[in-house]
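Protein chains in written order, with full-length UniProt numbering: chain A, 1 to 543; chain B, 1 to 543.
Treat each hint with caution, since some may be false.
Part of the chain B face toward chain A, derived, beta carbon under 10 angstroms [as the list claims (entries may be wrong)]:
1) Gly70
2) Pro91
3) Gly419
4) Ile444
5) Phe534
Straight-line Cα separation of at most 27 angstroms, BS3-like style, residue types lysine-lysine; simulated pairs [as the list claims (entries may be wrong)]:
6) Lys12/B to Lys407/A
7) Lys530/B to Lys133/B
8) Lys12/B to Lys12/A
9) Lys46/B to Lys5/A
10) Lys133/A to Lys530/A
11) Lys530/B to Lys12/A
12) Lys525/B to Lys5/A
13) Lys68/A to Lys5/B
14) Lys530/B to Lys516/B
15) Lys5/B to Lys407/A
16) Lys442/B to Lys525/B
17) Lys133/B to Lys12/A
18) Lys530/B to Lys491/B
19) Lys5/A to Lys68/B
20) Lys530/A to Lys516/A
21) Lys133/B to Lys442/B
22) Lys525/A to Lys442/A
23) Lys525/B to Lys133/B
24) Lys68/A to Lys407/A
Hints are computed from structural coordinates only; laboratory data are not their basis. C-beta: ideal position from N, C-alpha, C; glycine also.
2 protein chains.
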Amino acid sequence: MGWMKDETGLDKTPANFVPLTPLSHLARAARVFPRRTAVVDGAHRKTYAEYHARVSRLASALAARGIKPGDVVSTVLPNTYAHAEAHFGVPASGAVLNAINIRLDVATVAYIFDHAETALILADTQFLPLVEKALEAMEGPAPQIIEVPDADAGHPATGRYTTYEALLEEGDPEAPWQMPEDEWESIALNYTSGTTGRPKGVVYHHRGAYLITMGTPISWRMTLYPIYLTIVPMFHCNNWCHTWMMPAVGGTLVCCREITATAIYDAIADEGVTHMGGAPIVLNMLVNAKDEDRRAFDHRVEVFTAGAPPAAATLAAIETMGFHVTQVYGLTESYGHATECVWQDDDWSDLDAAARAGIKARQGVALPNMDHITVMDPETMAQIPMDGTATGEIMMRGNVTMKGYYKNPEATAEAFAGGYFHTGDIAVQHPDSYIQIADRAKDIIISGGENISSVEVEGVLMHHPAVSLCAVVARPDEKWGEVPCAFVELKEGAQATEPDIIAFARERLAGFKTPKAVFFTELPKTSTGKIQKFELRARARTL
Amino acid sequence: MGWMKDETGLDKTPANFVPLTPLSHLARAARVFPRRTAVVDGAHRKTYAEYHARVSRLASALAARGIKPGDVVSTVLPNTYAHAEAHFGVPASGAVLNAINIRLDVATVAYIFDHAETALILADTQFLPLVEKALEAMEGPAPQIIEVPDADAGHPATGRYTTYEALLEEGDPEAPWQMPEDEWESIALNYTSGTTGRPKGVVYHHRGAYLITMGTPISWRMTLYPIYLTIVPMFHCNNWCHTWMMPAVGGTLVCCREITATAIYDAIADEGVTHMGGAPIVLNMLVNAKDEDRRAFDHRVEVFTAGAPPAAATLAAIETMGFHVTQVYGLTESYGHATECVWQDDDWSDLDAAARAGIKARQGVALPNMDHITVMDPETMAQIPMDGTATGEIMMRGNVTMKGYYKNPEATAEAFAGGYFHTGDIAVQHPDSYIQIADRAKDIIISGGENISSVEVEGVLMHHPAVSLCAVVARPDEKWGEVPCAFVELKEGAQATEPDIIAFARERLAGFKTPKAVFFTELPKTSTGKIQKFELRARARTL
Ligand SMILES: Nc1ncnc2c1ncn2[C@@H]1O[C@H](COP(=O)(O)OP(=O)(O)OP(=O)(O)O)[C@@H](O)[C@H]1O
Ligand SMILES: Nc1ncnc2c1ncn2[C@@H]1O[C@H](COP(=O)(O)OP(=O)(O)OP(=O)(O)O)[C@@H](O)[C@H]1O
Ligand SMILES: [Mg+2]
Ligand SMILES: [Mg+2]
Numbered sequence: 001m002g003w004m005k006d007e008t009g010l011d012k013t014p015a016n017f018v019p020l021t022p023l024s025h026l027a028r029a030a031r032v033f034p035r036r037t038a039v040v041d042g043a044h045r046k047t048y049a050e051y052h053a054r055v056s057r058l059a060s061a062l063a064a065r066g067i068k069p070g071d072v073v074s075t076v077l078p079n080t081y082a083h084a085e086a087h088f089g090v091p092a093s094g095a096v097l098n099a100i101n102i103r104l105d106v107a108t109v110a111y112i113f114d115h116a117e118t119a120l121i122l123a124d125t126q127f128l129p130l131v132e133k134a135l136e137a138m139e140g141p142a143p144q145i146i147e148v149p150d151a152d153a154g155h156p157a158t159g160r161y162t163t164y165e166a167l168l169e170e171g172d173p174e175a176p177w178q179m180p181e182d183e184w185e186s187i188a189l190n191y192t193s194g195t196t197g198r199p200k201g202v203v204y205h206h207r208g209a210y211l212i213t214m215g216t217p218i219s220w221r222m223t224l225y226p227i228y229l230t231i232v233p234m235f236h237c238n239n240w241c242h243t244w245m246m247p248a249v250g251g252t253l254v255c256c257r258e259i260t261a262t263a264i265y266d267a268i269a270d271e272g273v274t275h276m277g278g279a280p281i282v283l284n285m286l287v288n289a290k291d292e293d294r295r296a297f298d299h300r301v302e303v304f305t306a307g308a309p310p311a312a313a314t315l316a317a318i319e320t321m322g323f324h325v326t327q328v329y330g331l332t333e334s335y336g337h338a339t340e341c342v343w344q345d346d347d348w349s350d351l352d353a354a355a356r357a358g359i360k361a362r363q364g365v366a367l368p369n370m371d372h373i374t375v376m377d378p379e380t381m382a383q384i385p386m387d388g389t390a391t392g393e394i395m396m397r398g399n400v401t402m403k404g405y406y407k408n409p410e411a412t413a414e415a416f417a418g419g420y421f422h423t424g425d426i427a428v429q430h431p432d433s434y435i436q437i438a439d440r441a442k443d444i445i446i447s448g449g450e451n452i453s454s455v456e457v458e459g460v461l462m463h464h465p466a467v468s469l470c471a472v473v474a475r476p477d478e479k480w481g482e483v484p485c486a487f488v489e490l491k492e493g494a495q496a497t498e499p500d501i502i503a504f505a506r507e508r509l510a511g512f513k514t515p516k517a518v519f520f521t522e523l524p525k526t527s528t529g530k531i532q533k534f535e536l537r538a539r540a541r542t543l
Numbered sequence: 001m002g003w004m005k006d007e008t009g010l011d012k013t014p015a016n017f018v019p020l021t022p023l024s025h026l027a028r029a030a031r032v033f034p035r036r037t038a039v040v041d042g043a044h045r046k047t048y049a050e051y052h053a054r055v056s057r058l059a060s061a062l063a064a065r066g067i068k069p070g071d072v073v074s075t076v077l078p079n080t081y082a083h084a085e086a087h088f089g090v091p092a093s094g095a096v097l098n099a100i101n102i103r104l105d106v107a108t109v110a111y112i113f114d115h116a117e118t119a120l121i122l123a124d125t126q127f128l129p130l131v132e133k134a135l136e137a138m139e140g141p142a143p144q145i146i147e148v149p150d151a152d153a154g155h156p157a158t159g160r161y162t163t164y165e166a167l168l169e170e171g172d173p174e175a176p177w178q179m180p181e182d183e184w185e186s187i188a189l190n191y192t193s194g195t196t197g198r199p200k201g202v203v204y205h206h207r208g209a210y211l212i213t214m215g216t217p218i219s220w221r222m223t224l225y226p227i228y229l230t231i232v233p234m235f236h237c238n239n240w241c242h243t244w245m246m247p248a249v250g251g252t253l254v255c256c257r258e259i260t261a262t263a264i265y266d267a268i269a270d271e272g273v274t275h276m277g278g279a280p281i282v283l284n285m286l287v288n289a290k291d292e293d294r295r296a297f298d299h300r301v302e303v304f305t306a307g308a309p310p311a312a313a314t315l316a317a318i319e320t321m322g323f324h325v326t327q328v329y330g331l332t333e334s335y336g337h338a339t340e341c342v343w344q345d346d347d348w349s350d351l352d353a354a355a356r357a358g359i360k361a362r363q364g365v366a367l368p369n370m371d372h373i374t375v376m377d378p379e380t381m382a383q384i385p386m387d388g389t390a391t392g393e394i395m396m397r398g399n400v401t402m403k404g405y406y407k408n409p410e411a412t413a414e415a416f417a418g419g420y421f422h423t424g425d426i427a428v429q430h431p432d433s434y435i436q437i438a439d440r441a442k443d444i445i446i447s448g449g450e451n452i453s454s455v456e457v458e459g460v461l462m463h464h465p466a467v468s469l470c471a472v473v474a475r476p477d478e479k480w481g482e483v484p485c486a487f488v489e490l491k492e493g494a495q496a497t498e499p500d501i502i503a504f505a506r507e508r509l510a511g512f513k514t515p516k517a518v519f520f521t522e523l524p525k526t527s528t529g530k531i532q533k534f535e536l537r538a539r540a541r542t543l
């Protein structure tokens with residue numbers, strides 16, 4: 001421990017210790033870049049001076065309405081300027097931001113309001129019906145509602161609630177902010193997608209939200225004044241914390257309410273977008289866009305993609321179109337991206353397109369702001385062999401890992417057992433330490449003592465000409481312990497029988513990996529489009 | 001304060017809290033970029049895997065020699081690979097790095113060894129005579145010496161001490177590092193230049209050393225894989241902490257033992273240097289280089305310059321030569337650069353060369369990693385008017401501010417009075433908040449109640465054809481309190497009298513600003529080339 005012989009007078013003082021928080025980025029940007037464009041949302045264009053003043057209004061108006069430090073303010077908003085302002089204004093009032101997925105069902109939204117004890121809701125007019133129904137379904141006391149209309153998008157104010165702009169009028173553009181006294185204070189509460197069960201409330205601290213904004217520019221090859229397009233929803237890991245990062249780099253945040261190829265190409269061509277993030281499906285949308293939806297541009301766009309590995313064909317196509325794609329991987333628990341498939345110029349630039357796409361399909365290595373991310377045996381916490389074959393669970397340690405699950409100390413302790421966060425994702429590691437995901441831990445099927453990756457079996461079934469979507473889960477079996485069982489959505493007008501599918505799989509897979517039963521049905525999905533295998537497992541047990 | 005209603009189970013754990021330290025950058029780089037070139041020093045070229053292993057050897061060898069956490073290890077080294085390794089290896093043993101200026105005099109080096117209680121010295125063969133004399137002059141017990149020869153540079157080992165490579169042989173390339181348990185632990189002890197008196201021992205913590213490495217890439221427009229040339233000495237604010245930053249960005253550190261135009265141009269052309277820092281005098285050297293010393297290159301080199309404002313003519317010339325210069329400003333107390341003259345593309349790109357140079361002469365605004373830097377009245381701590389005329393003292397608050405002065409709690413408390421670090425530099429602020437230095441606080445002359453900037457008077461005298469160098473200081477005066485008094489070095493062979501100089505100044509300055517006395521003499525300078533006005537003031541009192 002590097003304590004010197006005499007540390008007298010070397011303590012923390014207000015001059016040399018300031019709690020880390022992304023709020024400081026906006027405070028600085030208002031001083032350093034007051035006239036730069038901070039936020040663009042259609043006709044709404046605000047400079048950093050204006051953005052800062054509006055945030056101060058929001059924070060002080062919330063306080064005047066009785067929101068106290070530590071209270072939860074929920075948002076039910078698409079990616080609009082109001083949502084960006086809430087990212088700063090809610091914590092600047094000392095409150096905790098809870099951005100809720102606008103595609104959730106009523107029951108889950110009600111569950112979140114109750115669990116979070118929401119004090120106030122900022123709700124887009126389009127999603128007021130969802131919010132109102134959730135309030136009816138709530139058990140606890142109903143929060144206040146502030147309505148955020150978007151007339152340009154066809155959602156004018158209903159007149160039933162105080163509007164967002166009226167709320168801002170209640171505030172003071174020069175009000176001082178409530179800065180954290182301890183960087184461990186909470187800044188956000190984000191519920192997981194619920195792919196593996198009930199969504200869990202993940203708590204972020206100011207420290208982590210600050211540190212990810214300092215590591216991201218390095219991995220994203222970002223220099224001063226980027227133009228960033230918000231495709232990743234702000235309710236998803238707070239947009240991977242990019243909204244908080246923008247003021248640090250003097251960047252412009254371009255809001256995107258509806259994610260369409262036209263909207264994206266227009267933003268690139270008209271606003272000069274340099275950076276964007278999105279699921280592989282968004283890349284597909286760009287590759288397959290109709291000619292009339294495309295726009296020409298002559299700069300390079302840096303893209304982060306995550307959520308699922310991008311298909312090789314998509315990667316090969318999009319890289320010739322002016323985009324440079326980096327796969328990242330992370331979870332709500334890691335504030336978004338925690339690993340990145342860092343491109344090793346020296347080693348890989350001479351590879352052919354297929355080999356390059358093969359590497360880009362990996363989830364990669366820890367971001368500069370994480371301490372250690374690797375794959376371990378979850379029982380022994382031993383490093384797995386880095387041979388591209390052995391599997392284990394992805395484990396993370398670092399400052400951009402959640403504080404824990406809200407009101408769930410048992411789940412938190414379990415997730416942090418052994419000094420690492422257990423991601424629940426099963427992966428191999430290549431000899432260069434790059435991680436590649438094989439499956440979710442809960443989705444692995446163990447048959448006769450052999451592990452079967454559900455992802456591998458699904459990959460084979462997806463090649464069947466009649467299959468549109470599929471999911472493979474474990475079904476209990478007296479003899480083998482578990483056996484693979486497939487659920488399939490067929491393409492419109494296509495036909496296939498259970499024996500067809502099994503025969504198709506058997507030709508391409510080892511016997512123990514071949515599904516023993518196939519059911520044709522619509523697959524249950526989360527609001528982020530992930531298949532809920534826990535539901536299918538329940539069904540498989542009864543079928 | 002953003003503490004939620006229920007914070008049960010949301011505490012720090014090893015999974016979500018890791019003390020910030022630049023050591024983590026090298027640990028990660030060895031995993032992520034093992035085969036990239038980390039350090040180049042003539043024939044010495046090491047990858048990140050090798051760099052990491054050598055650092056582990058150094059750390060474990062130091063521990064084996066009895067160096068304990070918190071002990072001080074001093075270096076008397078130019079910018080060589082051993083010095084870079086010491087930046088990681090010394091803290092990785094838990095010890096504190098004290099990099100000493102190789103141009104200091106024996107008495108000051110002895111003073112530092114005593115004050116720091118140095119336990120071990122890494123000394124370059126060229127500077128062994130200085131070190132040996134300093135050991136003789138010391139009061140306390142003599143530290144161990146490890147000799148770092150540089151045969152290629154003409155300094156082969158003397159045979160009198162264990163050499164650096166022999167020391168590494170004693171170590172273990174796989175030894176675990178002593179990571180900080182608290183990010184407030186000390187990582188370095190750096191003595192100030194001694195421009196205003198005895199050098200003060202400035203203590204850095206791991207937290208600050210980490211955070212400056214995360215803010216710098218943003219302000220320096222640095223993307224992955226930069227090639228950085230070490231011109232700023234590693235003993236000067238640890239090379240503005242760039243040595244610690246390089247592994248975070250997968251960069252290559254190119255060492256430069258002798259700072260000459262040839263060496264710099266060669267490094268740019270042969271190694272592809274993309275970033276370098278240096279005093280304005282280095283820029284001059286490049287501009288004025290002889291044709292045969294120049295090399296062609298076709299990329300842009302990003303340059304940080306600090307220490308003094310670069311001359312407008314130098315800036316205009318160098319910007320057409322492939323360099324992009326940003327002025328930064330800072331002190332030993334702020335780990336190097338704390339402000340930067342951030343270029344506002346939108347507002348300034350249409351200005352003519354003179355106007356651009358005028359702006360580049362400003363010291364600018366806070367780096368992204370600092371909280372608040374501004375100019376205040378040091379008595380009232382009130383913000384000065386931002387009118388380009390009113391002066392005050394530059395004040396800083398943020399995480400990249402020293403822990404304090406070693407063994408000097410009084411000076412520390414004084415420096416941090418009112419919650420800001422008092423820099424001792426007097427400046428104006430322009431309407432856009434950009435700071436421009438007028439003078440050091442201690443060098444301001446107050447005559448008849450009027451402030452006189454010594455820098456302004458010197459600027460006028462420097463235009464006199466016979467004047468090579470000059471300094472203007474206050475002399476006590478019965479009637480006016482103080483009057484300006486000039487010390488002048490004449491150009492070789494040139495002649496001028498006291499009345500000549502006074503008459504020259506009187507034509508160009510207000511009467512009260514005109515020096516009342518002129519002395520012709522060699523000026524006392526610090527080892528970093530700054531004029532020691534405190535000595536001149538003492539002389540002025542007696543003359
Ligand atoms: N690049 C990627 N490649 C493959 N899978 C990814 C990638 N990025 C994220 N994922 C998957 O998404 C998960 C994180 O998703 P998120 O935190 O939104 O909720 P969830 O884990 O789906 O929901 P829940 O935790 O409630 O079951 C990861 O654990 C991983 O399984
Ligand atoms: N860009 C710059 N323009 C003008 N002056 C600068 C600039 N950068 C640094 N300086 C000067 O250098 C000083 C910091 O130098 P350093 O910490 O090396 O020691 P010092 O202040 O000269 O010595 P001491 O504190 O012992 O008197 C600043 O306080 C400022 O006066
Ligand atoms: Mg999850
Ligand atoms: Mg000083």
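Each hint tested on the structure:
{"no.": "1", "hint": "Gly70", "in the structure": "holds (5 angstroms)"}
{"no.": "2", "hint": "Pro91", "in the structure": "holds (7 angstroms)"}
{"no.": "3", "hint": "Gly419", "in the structure": "holds (4 angstroms)"}
{"no.": "4", "hint": "Ile444", "in the structure": "violated (23 angstroms)"}
{"no.": "5", "hint": "Phe534", "in the structure": "violated (24 angstroms)"}
{"no.": "6", "hint": "Lys12/B to Lys407/A", "in the structure": "holds (16 angstroms)"}
{"no.": "7", "hint": "Lys530/B to Lys133/B", "in the structure": "holds (24 angstroms)"}
{"no.": "8", "hint": "Lys12/B to Lys12/A", "in the structure": "holds (20 angstroms)"}
{"no.": "9", "hint": "Lys46/B to Lys5/A", "in the structure": "violated (35 angstroms)"}
{"no.": "10", "hint": "Lys133/A to Lys530/A", "in the structure": "holds (24 angstroms)"}
{"no.": "11", "hint": "Lys530/B to Lys12/A", "in the structure": "violated (31 angstroms)"}
{"no.": "12", "hint": "Lys525/B to Lys5/A", "in the structure": "violated (32 angstroms)"}
{"no.": "13", "hint": "Lys68/A to Lys5/B", "in the structure": "holds (11 angstroms)"}
{"no.": "14", "hint": "Lys530/B to Lys516/B", "in the structure": "holds (24 angstroms)"}
{"no.": "15", "hint": "Lys5/B to Lys407/A", "in the structure": "holds (10 angstroms)"}
{"no.": "16", "hint": "Lys442/B to Lys525/B", "in the structure": "holds (16 angstroms)"}
{"no.": "17", "hint": "Lys133/B to Lys12/A", "in the structure": "violated (38 angstroms)"}
{"no.": "18", "hint": "Lys530/B to Lys491/B", "in the structure": "holds (19 angstroms)"}
{"no.": "19", "hint": "Lys5/A to Lys68/B", "in the structure": "holds (11 angstroms)"}
{"no.": "20", "hint": "Lys530/A to Lys516/A", "in the structure": "holds (24 angstroms)"}
{"no.": "21", "hint": "Lys133/B to Lys442/B", "in the structure": "violated (33 angstroms)"}
{"no.": "22", "hint": "Lys525/A to Lys442/A", "in the structure": "holds (16 angstroms)"}
{"no.": "23", "hint": "Lys525/B to Lys133/B", "in the structure": "holds (21 angstroms)"}
{"no.": "24", "hint": "Lys68/A to Lys407/A", "in the structure": "holds (19 angstroms)"}
Hints 4, 5, 9, 11, 12, 17 and 21 from the earlier list are contradicted by this structure; the remaining hints agree with it.
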